[in-house]
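These protein sequence lines map, in sequence, to chains V and A. Counting from 1, position 28 in the first sequence corresponds to residue 28 in UniProt numbering; the numbering is continuous, with no gaps. Counting from 1, position 16 in the second sequence corresponds to residue 16 in UniProt numbering; the numbering is continuous, with no gaps.
These are computed hints drawn from the structure, not numbers from a lab. On a predicted model such as this, the values are computed, not experimentally measured, just so you know. Treat each hint with caution, since some may be false.
[Said to hold, decoys possible] Which chain V residues face chain A? A few, computed with CB under 7 Å, are given here:
(1) Arg7
(2) Arg21
(3) Gly35
(4) Ser37
(5) Val44
(6) Leu51
(7) Tyr77
(8) Val123
(9) Glu134
Even glycine gets a Cβ: it sits at the ideal position worked out from N, Cα and C.
Now for the letters of each chain:
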Amino acid sequence: MSGAAKRVAASSVNWSKLAERLVPEHAAELVRVKGVSGTFQSAVSQLPADLPKVDFAALKKSLPAHSAVIDSLQKQYEAIKIPYGEVPAEYLKEVDQWVEFNNARIQLHDTKVADGLQEAKKVEEKWSKAPPVEHFDRQHFVEYFPAHFYDLRYQNRIPDPCNVGLNETTEIETRFKDYKVLRRADKVDDH
Amino acid sequence: MSLSRCLPLGQNARVIIIPARFAHAAPASTNAASDDAPNYFQKIALRFQGVPLKGEAHAPKSAFDDANKEWSAPEVLPAIPKDFKEHPDRDLVNYPYPARPMYPPKTRLLMMPDSWFTAFNNVTGVSGPYLFFGGLFAFLLNKELWVFEEQGHMTVGWILFYLLVKNTSGYKIDQSLYQGYQERVNFFKGLIQEDLKDAVQFRKTSAAETESLNAIKEALPTALKESMALQLEATYRKNVQTVATELKRRIDYLKETEETKQRFEKEQLLKLINSSVEKQINDKSFKDQYLSNAIQQLKGLNLSV
Numbered sequence: 001m002s003g004a005a006k007r008v009a010a011s012s013v014n015w016s017k018l019a020e021r022l023v024p025e026h027a028a029e030l031v032r033v034k035g036v037s038g039t040f041q042s043a044v045s046q047l048p049a050d051l052p053k054v055d056f057a058a059l060k061k062s063l064p065a066h067s068a069v070i071d072s073l074q075k076q077y078e079a080i081k082i083p084y085g086e087v088p089a090e091y092l093k094e095v096d097q098w099v100e101f102n103n104a105r106i107q108l109h110d111t112k113v114a115d116g117l118q119e120a121k122k123v124e125e126k127w128s129k130a131p132p133v134e135h136f137d138r139q140h141f142v143e144y145f146p147a148h149f150y151d152l153r154y155q156n157r158i159p160d161p162c163n164v165g166l167n168e169t170t171e172i173e174t175r176f177k178d179y180k181v182l183r184r185a186d187k188v189d190d191h
Numbered sequence: 001m002s003l004s005r006c007l008p009l010g011q012n013a014r015v016i017i018i019p020a021r022f023a024h025a026a027p028a029s030t031n032a033a034s035d036d037a038p039n040y041f042q043k044i045a046l047r048f049q050g051v052p053l054k055g056e057a058h059a060p061k062s063a064f065d066d067a068n069k070e071w072s073a074p075e076v077l078p079a080i081p082k083d084f085k086e087h088p089d090r091d092l093v094n095y096p097y098p099a100r101p102m103y104p105p106k107t108r109l110l111m112m113p114d115s116w117f118t119a120f121n122n123v124t125g126v127s128g129p130y131l132f133f134g135g136l137f138a139f140l141l142n143k144e145l146w147v148f149e150e151q152g153h154m155t156v157g158w159i160l161f162y163l164l165v166k167n168t169s170g171y172k173i174d175q176s177l178y179q180g181y182q183e184r185v186n187f188f189k190g191l192i193q194e195d196l197k198d199a200v201q202f203r204k205t206s207a208a209e210t211e212s213l214n215a216i217k218e219a220l221p222t223a224l225k226e227s228m229a230l231q232l233e234a235t236y237r238k239n240v241q242t243v244a245t246e247l248k249r250r251i252d253y254l255k256e257t258e259e260t261k262q263r264f265e266k267e268q269l270l271k272l273i274n275s276s277v278e279k280q281i282n283d284k285s286f287k288d289q290y291l292s293n294a295i296q297q298l299k300g301l302n303l304s305v
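Chain V with its partners taken away, still in its complex shape (with noise of 0.2 Å):
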C-alpha cells in the first residue's frame, strides 16, 4: 500500500532555528515556504497513515446472512492499492534550478563582500595611519577632511569662508574666465 517512494510525515527543517540565522531581507522567503510546508504538515498530521485493520472473520460471524457479501469486501479490500504517487520531475528540476540561483547569488554576494571589505580595510588604514588630530597640520585637514577644509593652493575654487556656497556652480570661473569679454557682448562702448 505504501509506495517505492520515501514517506515523509513531517519536515526535518527546524524552523525556528532557521528563522534565527536569517536576515529580515531572507526571512520573507523562509515564511513562503514555511506557510506552504505547514499546510501539508497539518493536512498529514489530522489523516491516518495507512488503511485501518479490519476483522471480517467477526463480521462474519455477527452477520453470518451476509458473509458473501462480506467475503467479496474483503477480497476488494485487501486487493486495493492506493497509489503514492511521486513528485514530478519537472518541479524537482525547479528547485535545482533555485538552488543554481541561490548558488549565484552567494556568488554575487561573496564579490560585493570581498569589494567591501577592500573598502572598509581602506578607510580603517587610512586613518590608522594618520596622525592625531591633535598634532594635525594645516595639509593633513585637508588631506583627511576635503568636506570641511580646502587648499587653494592646488584646488581650483574660488575662497568662501562663510560657506555662501560660490563653488558650487561654474557660473562665476566662467563668466571671469577672460576679462576682456564684457558682461553684454551686444552694448558696445563706443560714446
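Starting from the known structure of chain V, arrange chain A on it as the hints suggest.
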C-alpha cells in the same frame, strides 16, 4: 589679583571702613555689631572676604574668584606614534614631526624666550644674559640706535594692563579657550568615528548576510523537497481516509440491514403472539375452563387460619 587681597583681613578679623567725611558721625556702637546682624559696612567687608551673608546659601560669585590661579590642562595631548611618517622618505632624525606643544615655551621677563638666557648660562653664569641684554639695550638707547618715540612710554601702561588682565582673568580665558579647542577636536574625532563606523557596520552586516545565505543554502532545498513530499503524503492519506470511510459505510449498511431485519422479525413474532393470546382470551369456553381450574386449585389449598 582680587581686591579682597588688598585688605589685610583674616577670616575672623572685622574692619569697619568708615569714610573720612562720615567719621565724625559714625556711631560708637559700630564695633559692637553682632554677627547676626552686620551693618552696611560689615556687609561690604564680608563680601570682600567671600563670607556668605545671613540667609545666603553660598558665597556670592565674584569676577575675581579665579584671580592669580594658574591654568593647566586636565589631560595632556596624546603623543605622536614614534614611527609616524607622512611619507616613507621623511627623515625623522633630523626633521622630526612638529608635534603640537601642550603649553607655550618658557619665557622670562614676560616675553623673553628662556632659551636665549640658557644659552648664556654656561659661559657667563646666571646674571650674564641679563647684563648682556641690559647692556645691549642701554647701548642702543644711548647711541640712539633705538629711538623711543614720544608715545613710547605707553608701553609701560600696556604692560601693566596686560599684567592686570592676565592675573585677574587669565585662568578663565585659558579655560574657555581650552574648552573651545576640545570641542573642535571632538568634532573631528566624531567625523573619524563616523567614517570608521561605516566600515565596522559593513563587516557586521555582511557577516550576518553570509551566514543567512549559507543557512538558506543548507535548509531551503530540503524544505522545498520535503514540502512536495508532504503534499504527496497528504494526498495519499486523504485517499486512505476515503477508502476507510467507504468500507465503513458498506459495513455499517450491512449491520443496519441485519439489525432492521432482526427488529422486523421480532416485531412480527410479538404481533403474532399477542394476537393469538388475545384471541384465546376472548374465547368463552377458555375463560370458563380457566375459572373452574382456578376454583379447583383454590379448593385444593389446605388453608389453616
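Problem - Hint numbers contradicted by this structure - result: Those not satisfied come down to hint 3.
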